[in-house]
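Asker: In terms of my numbering, the sequence shown opens at residue 127 and continues consecutively.
Treat the hints with care, as some may be off.
[Said to hold, decoys possible] Pairwise CB distance ranges (calculated):
1) Glu354 to Gln298: 38 to 46 angstroms
2) Thr406 to Tyr307: 20 to 28 angstroms
3) Leu173 to Leu322: 30 to 38 angstroms
4) Ala296 to Ser351: 19 to 27 angstroms
5) Cys511 to Asp365: 31 to 39 angstroms
6) Val331 to Gln298: 49 to 57 angstroms
7) Ala441 to Pro212: 42 to 50 angstroms
8) Ala296 to Ser360: 37 to 45 angstroms
9) Leu525 to Arg453: 21 to 29 angstroms
Think of the hints as simulated: they come from the structure by calculation, not from any bench. Backbone N, C-alpha and C define an ideal beta-carbon position, used for all residues, glycine too.
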Amino acid sequence: LSLQQDVIAGFLYAILILVVFHPVVDLIDNFNLTYKYAPLIIISLHLALGIFSFTLDTLGTAFGMAAVEKVEEQLASLRIAKRSAPSEEPAYLLDIDLSRPAQSENSRFVAVSCSNKSIRVYNRETLQFLREYSSHPGILSGVRFARACDSAVFSACSDGTVKCWDVRSATQKPVQVFSGYPSNVFISFDISCSDLIVCAGTEKVEQDTFLVFWDARGITDCASSAKEPLGVYSESHNDDITKICFHPVEPNLVVSGSTDGLVNVFDINKDNEDDALISTCNSDSSVSFIGWSGKDYKQVYCLTHDEGFCWWDTAQLDTEEPITLLRVLDVRDSVCTENQGLHYLVGGLYHEKAEKLFLVGGTSTGNIHLISCGTAGLSLVGTLCGGHSATVRSFCWNLADESLLTGGEDAQLLLWKPGAVERSLTKKASRKIASSVQKRVRVHNSSLKSRKK
Numbered sequence: 127l128s129l130q131q132d133v134i135a136g137f138l139y140a141i142l143i144l145v146v147f148h149p150v151v152d153l154i155d156n157f158n159l160t161y162k163y164a165p166l167i168i169i170s171l172h173l174a175l176g177i178f179s180f181t182l183d184t185l186g187t188a189f190g191m192a193a194v195e196k197v198e199e200q201l202a203s204l205r206i207a208k209r210s211a212p213s214e215e216p217a218y219l220l221d222i223d224l225s226r227p228a229q230s231e232n233s234r235f236v237a238v239s240c241s242n243k244s245i246r247v248y249n250r251e252t253l254q255f256l257r258e259y260s261s262h263p264g265i266l267s268g269v270r271f272a273r274a275c276d277s278a279v280f281s282a283c284s285d286g287t288v289k290c291w292d293v294r295s296a297t298q299k300p301v302q303v304f305s306g307y308p309s310n311v312f313i314s315f316d317i318s319c320s321d322l323i324v325c326a327g328t329e330k331v332e333q334d335t336f337l338v339f340w341d342a343r344g345i346t347d348c349a350s351s352a353k354e355p356l357g358v359y360s361e362s363h364n365d366d367i368t369k370i371c372f373h374p375v376e377p378n379l380v381v382s383g384s385t386d387g388l389v390n391v392f393d394i395n396k397d398n399e400d401d402a403l404i405s406t407c408n409s410d411s412s413v414s415f416i417g418w419s420g421k422d423y424k425q426v427y428c429l430t431h432d433e434g435f436c437w438w439d440t441a442q443l444d445t446e447e448p449i450t451l452l453r454v455l456d457v458r459d460s461v462c463t464e465n466q467g468l469h470y471l472v473g474g475l476y477h478e479k480a481e482k483l484f485l486v487g488g489t490s491t492g493n494i495h496l497i498s499c500g501t502a503g504l505s506l507v508g509t510l511c512g513g514h515s516a517t518v519r520s521f522c523w524n525l526a527d528e529s530l531l532t533g534g535e536d537a538q539l540l541l542w543k544p545g546a547v548e549r550s551l552t553k554k555a556s557r558k559i560a561s562s563v564q565k566r567v568r569v570h571n572s573s574l575k576s577r578k579k
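Using the sequences plus the hints, can you model the full thing?
Answerer: Given below as structure tokens:
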């Protein structure tokens, strides 16, 4: 798309030279004529440049709209390509991540954190089950692959540790353990895009809430001992830190969200927490999901546990322009889903090619709604049906092949691709998960479930 725009711009520029500037050069050869027609020449040049600029802007807008429409059509055309085989121990699939290969475009592995305190690893293309890591004494709060090494996957646990696993190995021993402080109960975490820093967020214990940081370098060199924290941030949140998300390309930037309603952006290169805090945005509700969006990822957005949506432009922090791009108190009331209903939000994804933010939501019966975000409001792009039979808990978008992975309370892992046709037409039966498992994970509803400290 960018190449097409450049070619057209070059073509228009050539026409501009031939039609306007070439005659001007001829006029310059005759001083008297140039002097006589100087005002006309100046006006003509300004007019030509204005038309040229307007034409480029119009073409850019048209190309941008066409790109967005194409992406929206691709999202709406997603169909089931693969299903994972039924597991011997059905569990909710709470988080999904794809390995990020440095050399090839195709990811090799999929990691899934489950409500039974295990991490399952699958082949990315076939969804064939490869192995499972089940030596977690507490509840998991996510999985993240390293960027430089596509076989290293991280997980955070409520026992106050973050562990790194080598998915090529079947051993139940992690290659590295990052230990927190004795009172820490981790419920969120992320790793920087440079793989240098791991950060985890804690539940509030007494009056303390922490963002804990570790040096993640050399994870395979010192597995015999647990890594101690580099330090903590303790003043910027006053309740559970539910989400952490590092910037996709700036390893020093990280955003955190909390049940206190605050979404904080930090520059961890600064010497202390006060200097590191770049901005604080208030969602006025408990934060359930956060992410980066926009050109150069200058925007931050969040979802809330009562299905609200907030979207801010941090590029406007030092200007007089408003920082809030959009605020929706309840997305369920703002998006028309043609009588199918929107019961909850799962998260958001930023499509880099179209420079467009989308939200993912769904129904209690397993339908998935894809929602387009704009400063004028939200709109439904499409609904993915026939996949899950219960609430969808997790997803992962793969820009390389425009595919979507989803996991749900029906214990199914699904791979969706544009225009795909599922080979097996037999839909897996819904599995009823034990009630004890349901109590261990947060459910989607309008009120935040209380958790034991």
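Asker: Taking the Cβ atom of Ala296 and the Cβ atom of Ser360, is their distance within the range 37 to 45 angstroms?
Answerer: 39 angstroms, holds
Asker: Between Leu173 and Leu322, does the beta-carbon spacing fit 30 to 38 angstroms?
Answerer: 53 angstroms, violated
Asker: Between Leu525 and Arg453, is the Cβ distance one that fits in 21 to 29 angstroms?
Answerer: 27 angstroms, holds
Asker: Within 31 to 39 angstroms: is that where the Cβ-Cβ distance between Cys511 and Asp365 falls?
Answerer: 37 angstroms, holds
Asker: Given the hint of 20 to 28 angstroms, is the C-beta distance from Thr406 to Tyr307 inside that range or not?
Answerer: About 25 angstroms separates the Cβ atoms of Thr406 and Tyr307, which means 20 to 28 angstroms holds.
Asker: When you take the CB atoms of Ala441 and Pro212, is the distance between them in 42 to 50 angstroms?
Answerer: 47 angstroms, holds
Asker: Does the Cβ-Cβ separation between Ala296 and Ser351 fall within 19 to 27 angstroms?
Answerer: 23 angstroms, holds
Asker: Evaluate the given range 49 to 57 angstroms for the C-beta pair formed by Val331 and Gln298.
Answerer: 29 angstroms, violated
Asker: Is 38 to 46 angstroms respected by the C-beta to C-beta distance linking Glu354 and Gln298?
Answerer: For Gln298 against Glu354, whose Cβ atoms are near 23 angstroms apart, the range 38 to 46 angstroms is violated.
Checked against the numbered hints given earlier, this structure breaks hints 1, 3, 6; the rest are met.
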